[in-house]
Each structure stands twice: as C-alpha cells, then as structure tokens.
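K.L.:
Full structure from sequences and hints, please.
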Amino acid sequence: MLAISFSGWAQCKLATDPDPYDDPRGVSGYMRAYAGEPDLDRIIRFQDPPSSRTLTPDVGVVVREVVLNGEMQSAHPLAGAKVELVDDPVFEGRNGVIAEDGLEPIAPFHLALRQGLDGFSRATVPSDPRLPHRLREFNAVDLQFDLGFIERATGVADLGAVWRTRLGELEAKLPDASPEASPAIEERIDFLKRNLRAEGGGVAGFFAARMEWDYAIRSEIREYGRGMAALLPGFAPTNEPWRARFWFGGWDADAQMFFVSGELEINASGISTRTILTRRPERMTDIAGGSYAEI
Amino acid sequence: MAIDTREELINALHVASEIEHSLLVQYLYAGLSIKRGLDEGLSTNQQRLLRDWQARIYQIAREEMGHLGIVCNLLAAIGAAPKFGRRFLPSPTGYFPFPFDLIPFSDEALYRFLVFELPRGFPPPPPLGADLSGVAGPLVVPEPLEYEYVGELYAQIAEGFQAIPEPDLFLGPQAAQSENNWSDPSLDIRPVAGRNGALAAISNVIEDGEGTPQNSERSHYAGFVAIRQRYFEEGRFDGARRVPRNPATRPSPDGAPVNLIVNTRSRELVELFNASYAIMLLMLQHYFSIAPRTNGEKTLRSGLQQASQRIMSVALRPLAEEATRAPLGDPADPKRAGPSFEIYSDVSLSPYPEARLPILLERLDGLVAGCLELGREQPRIAAIGETLAILRGDLADSGRVA
Numbered sequence: 001m002l003a004i005s006f007s008g009w010a011q012c013k014l015a016t017d018p019d020p021y022d023d024p025r026g027v028s029g030y031m032r033a034y035a036g037e038p039d040l041d042r043i044i045r046f047q048d049p050p051s052s053r054t055l056t057p058d059v060g061v062v063v064r065e066v067v068l069n070g071e072m073q074s075a076h077p078l079a080g081a082k083v084e085l086v087d088d089p090v091f092e093g094r095n096g097v098i099a100e101d102g103l104e105p106i107a108p109f110h111l112a113l114r115q116g117l118d119g120f121s122r123a124t125v126p127s128d129p130r131l132p133h134r135l136r137e138f139n140a141v142d143l144q145f146d147l148g149f150i151e152r153a154t155g156v157a158d159l160g161a162v163w164r165t166r167l168g169e170l171e172a173k174l175p176d177a178s179p180e181a182s183p184a185i186e187e188r189i190d191f192l193k194r195n196l197r198a199e200g201g202g203v204a205g206f207f208a209a210r211m212e213w214d215y216a217i218r219s220e221i222r223e224y225g226r227g228m229a230a231l232l233p234g235f236a237p238t239n240e241p242w243r244a245r246f247w248f249g250g251w252d253a254d255a256q257m258f259f260v261s262g263e264l265e266i267n268a269s270g271i272s273t274r275t276i277l278t279r280r281p282e283r284m285t286d287i288a289g290g291s292y293a294e295i
Numbered sequence: 001m002a003i004d005t006r007e008e009l010i011n012a013l014h015v016a017s018e019i020e021h022s023l024l025v026q027y028l029y030a031g032l033s034i035k036r037g038l039d040e041g042l043s044t045n046q047q048r049l050l051r052d053w054q055a056r057i058y059q060i061a062r063e064e065m066g067h068l069g070i071v072c073n074l075l076a077a078i079g080a081a082p083k084f085g086r087r088f089l090p091s092p093t094g095y096f097p098f099p100f101d102l103i104p105f106s107d108e109a110l111y112r113f114l115v116f117e118l119p120r121g122f123p124p125p126p127p128l129g130a131d132l133s134g135v136a137g138p139l140v141v142p143e144p145l146e147y148e149y150v151g152e153l154y155a156q157i158a159e160g161f162q163a164i165p166e167p168d169l170f171l172g173p174q175a176a177q178s179e180n181n182w183s184d185p186s187l188d189i190r191p192v193a194g195r196n197g198a199l200a201a202i203s204n205v206i207e208d209g210e211g212t213p214q215n216s217e218r219s220h221y222a223g224f225v226a227i228r229q230r231y232f233e234e235g236r237f238d239g240a241r242r243v244p245r246n247p248a249t250r251p252s253p254d255g256a257p258v259n260l261i262v263n264t265r266s267r268e269l270v271e272l273f274n275a276s277y278a279i280m281l282l283m284l285q286h287y288f289s290i291a292p293r294t295n296g297e298k299t300l301r302s303g304l305q306q307a308s309q310r311i312m313s314v315a316l317r318p319l320a321e322e323a324t325r326a327p328l329g330d331p332a333d334p335k336r337a338g339p340s341f342e343i344y345s346d347v348s349l350s351p352y353p354e355a356r357l358p359i360l361l362e363r364l365d366g367l368v369a370g371c372l373e374l375g376r377e378q379p380r381i382a383a384i385g386e387t388l389a390i391l392r393g394d395l396a397d398s399g400r401v402a
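Chains as they are written, first to last, in this note's numbering: chain A, 1 to 295; chain B, 1 to 402.
No wet-lab data here; the hints were simulated from the structure.
Quick reminder that beta carbons are idealized off the backbone N, C-alpha and C, glycines included.
Any given hint might turn out to be false.
[To be verified] Just a few of them, taken from the derived set where beta-carbon distance is under 8 Å, the chain A residues facing chain B:
no., residue
1, 25
2, 96
3, 175
4, 177
5, 180
6, 187
P.N.:
As structure tokens, this is what we get:
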C-alpha cells in the first residue's frame, strides 16, 4: 500500500448563517467580502487562489511524506507535489438543509496530485445519485474541538495573538491607504476588534475546531502529462477504491483560510470508511460563546 | 379602554402580532432594496456603508421576528392561537400617522422607521429631506419606557395581564411556547410563565424598540438615527435598486394603489417568493399550535422549527434578492420588481391535526415545482427548488415519526 500524507493552508470565501449559503457579499453572517473585494464564491482552494487578503498565510497543500508498504520514501517523485481539489468543490451544507454546520459534505470531491505538468486524480462517486443522498453520504465523520491538536499541526497556539498582530499592521497601513482601499481595511479592522473584544475571542473560537472526512474514492483515474508513470514509478494502482482521510481545522475567519491535513491510501485492501455524522447536538453559536451573526 | 377580559387581551395581542409582522416586512423590503455591487455605481465607501446599514436593518427585522415570537408565547400562555396573518400592504394602521407601505431604502423609509420606533417623550424626527447637521443622536432615553405610538397598546396589554386573576388567565400549555433555541439566539424569544413572566416579556419588547439608559445604542430607534445621520452626511446618495413602492402581483383587494409587476417572468418569480413566505408563516402557525405530548410530536415540532428558519435563508431571501433584480415590466426599462410580501389568503391552519402536514407538504411541492420550472432559465432558482425539495423530504420524515 502507498500512503501519501499531505498538509497546508487552504482558502474558502463563503457566506455564513443566516445569510443564504450562496450570498455573494455576506451581510448578517460573520463572513463578508469587504468593500471592493471580489464576491464570495464558496470554492475550496488548496492552491493559487485568484485573490487573498494581506498578512495571511500562503495557500498551498503539498505532499509531505510518502510511505510504501511501511517504508518511508525519502526521494519519491511525489515529495512536495501539489495537492488540489479540482472542479470547484464547495461545502454543501445549504444553510443546514443538507448538513448542519461542521458536518458539510465536500462536493464534488476530486483529488489531484501534480508535480509540474505531471499528475493524476480520482474522485468520489455517489452510490445513490438522488438528492440528498448523493451529498449526505459524504458528510463529515467527526467534529472535534481541540486547540492543542490544532497548535501541533499549525504551529499557532493563539489565533487571538495572530489577530492582534495583524490588527496593529492594518492600523499602521490605514493612513497611507487610498480612498478606494480604505473602506475594506476599516471593515477588517472592525472585524478584528469586535472579535478580540468578544467573549472567548468571538469567531476566533472556531480555530480549535476540526472537521474530519473519510472518503472512498472510486472514479476512473485521470492522468495529466506523463501521469502515474512519472509520479508512481514501479507502482501499479489496482482498480480498488482509494481512501482519503483528512481534516480541515484551524479556521481563521479573517484570512478566510483553514489548515488541511490528511492521507491518501492507494492499494489498501478491504477499506471500510467511518460512519458519517448526520446530527450535531450543539449549535455553533453555543460553541462560539454566543451569537455570532453580528460579530 | 382598559383590558380586563381574556377576549380583549387576545384581540390586543393579535393587533400587536399584526403590527410587529407589518413592521418587520417593511424593514426587510427596505433592506432588500439596497444596492450591493460596485457594478451598481457605488464607490467602495458607499458599498461598505450600505452593507453595514443593510446588516443593521436585517438585525432589527430579526428582533421584530423575536417580538412576534414573544407575542405568540403570550397568546399560548393564555390558551389562544397565534396570529400570522396581516392586512394587505399598503394599509392604514390606526397607530401611526401614515399607512404601512413597502418603500425602498431612502430618507423617507428611514424617517418612517424612526417614527415607528419613537420613544415616548422624544420629539418627532426631522422631516423628510431636512438638514441634519448638528442633530444629536439619542443616547439618553427618558422614562417611562414606552413607544410613542404602539406603547399605549403594549401598556394596555400589560394592564390586562395584571387585571385578570392569574389563576384564571394562564390556561395554555407551557409546552406550546417557544424556547430561545432558534439558530439565531439574538431573537431572544422568552417563554412566559405566569404574570411576572408576561410583564417581563412585554418590557423586553418595548426596550428593544426604544432602548434603556443602559443599552440605548442598541435600540432600534438609535440604530435608525445613526443610519439616517450618516446617510445625510454622505449626501443621501442613491443607495437603492430601482424597486417601486408597494409592488404587487395583482391588484389590491381594497383598491389601494400598488405597482403591478407586469413582466410575466418577474411576476412568476415574485409569486414564488410570496408562496415561500406564506409557507413559512404556515410552518410557524403549525409550530406554535403543537404542545407536544409524545416524542413523535416533539420531532414534528422540531422539524417545523428547523424548516421555518431554514426556508428563510434558502428561499425567502434569495428569491427576494432575485426579485430586486428582475424587471418590473419591459426588461429594457431600469425599473425593477421587488418582493411584494403579499399574502393571498388568510394564514389558516387546518382544525384537523392529521391534515396539517399533508397540506403543508402539498404547498411545498407546488413551490418546488414552480422553482424548478422557472429555474430552467435561472440556475439560482433551480438550486432553490432543489434545496426546498430536500427540506420538504426531511419535514415529511419528521411527520412520519409523529
């Protein structure tokens, strides 16, 4: 079996409740496209976002480790390869109608690994094409709040401290900003100040959360450039489903980014994915310590 | 006139329901009319301000929804049915110096909202188009705490709760009331237990409107003053889409002047909006009419609660926003349509419990079919129909458990 581990920061610019899930600007929820910024488009991006806010981490999920039959492959062609989600995936919660906050399926889920012009990809295939089954079968399998876990993965122990630093830099930048650019900086400063003042750090409280998924991916394999011949030399994937186990966490609402970590298993035998969650007992508002609609 | 019978108290609470409901749709209409994009001729500064004002107006509208929920709880506490119907707009109110109208965001809309929320003892807001230079904000609120216009009604309701002997009055099952367990806790819907609970709930409604010395900045009145003041300072720029006053898909039943939506596709779209609005009201009526005694009834009630709040985000608001972009008549004419908030027939729950959910599901089926049909040309409408179909299926499942 080949186990490919990956991690890095990803971006998603999406409206949050009670705004419609596809709202392009954000009004009543805590996520907004600030004045002059492009519309919110909900797309989960592991690589090269068309725009991103200043003073935020670089987006990029890459292969960190390749293990073949239990042995580390230190010079494997996939080392450092870009991991991508293609076909514009989104969190398909639809304001809780399909899945509650924190349990949303990722749809479509089409995972690609690329090294230069060479690459390959494979996607999930719903077992029932009807709605809502074709989405709900890909719900998250777990939702945990564990700041220590997130700290170990990201190296960030206190998002509030990160936000205070960003706030200082934005405030220093504001006097020299153009009249067109100032409103967005002011909005961002307001957001940071309100949340840093709020009990528990407001929506910074979501930083400790991580959502986990466990997918069997079974579509036809697509290849790009020289494909698997270049990236998996001497290894022949079978037609069995691959398994992608991964989590998203460390949500930084100001950056519109989160951390990704996971593992792709190829040629694992007899995989059995974990049971999806269909209900989450508590409201996200309770987790964040109060109403976040206006934070 | 003093309220000293249950019937009088129910009548007064029904009037209060209708007022809260009418206020919130007027706030929503103004908020929905607000421009959002730089492609609508806004500067980035105007885009930011308009979004902040839209957010504040929506927040106030949500708090009015909470007030409506509190009035429903007060009705349930005394054994009466909730009221979600209201008169056609525009309509005279008898409580305010002008009729209830759907007006796009403007100085006139803000002026009216200030009159709606005017605290007793405050002078009327500066008239339309007035120079607001140097007008101070209302940061201190005088006692006693009452609305200038509807305060008298709420004062009478409070007196009624005090006048009628407590053991006789509270006949309703506590389980029929709503807890504050909605997805937005700021609705602040408080269950009512006994006379003191009723009086506290009424005070809460009044304080939200005009504020207290402790929280006056968060009051509706202070919110609208702040928006109007800044709007004046920014030159009262054109911040609304070209939606009309009182749009309608059909003539008013009492002949009141309306702006008919004559573009066929736009009228179909606004009819879908009105259908989703009426279905949401029916869901709420159903929800407040169940005092669950079994787990099955609890499941159905919870399903109705979830569906009623989710339909606001996945259907009402997106359909309303699409309506503000749809042509009123000729597509080449810049005039747009707007969500008309028409209620075509009374919000009426079947007296037969076993018929209620099937009727609701039938109406949802019609709405889904309509969205999918119109969605052949507009993908966002198709997605609304698809999502509503899922919501409908889950609601049906919660009914099967019951």
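K.L.:
Does the closest beta carbon of chain B sit nearer than 8 Å to the beta carbon of residue 175 (chain A)?
P.N.:
It is violated, given that the least Cβ distance between residue 175 (chain A) and chain B is near 16 Å, above 8 Å.
K.L.:
Given residue 25 (chain A) as an interface hint, is its Cβ closer than 8 Å to any Cβ of chain B?
P.N.:
Since the shortest Cβ distance to chain B is 5 Å, the answer is holds.
K.L.:
May I ask you to test the interface hint for residue 177 (chain A) with respect to chain B, counting a Cβ-Cβ separation under 8 Å as satisfied?
P.N.:
violated, 11 Å
K.L.:
Any CB of chain B closer than 8 Å to the CB of residue 187 (chain A)?
P.N.:
It holds, given that the least Cβ distance between residue 187 (chain A) and chain B is near 6 Å, below 8 Å.
K.L.:
Identify whether the interface hint at residue 96 (chain A) stands, where standing means a beta carbon of chain B within less than 8 Å of its own.
P.N.:
holds, 6 Å
K.L.:
Can we keep the residue 180 (chain A) interface hint, with Cβ of chain B closer than 8 Å?
P.N.:
With a closest approach of 5 Å, the residue 180 (chain A) hint holds.
When held up to the earlier numbered hints, the structure conflicts with 3, 4 and fits the remainder.
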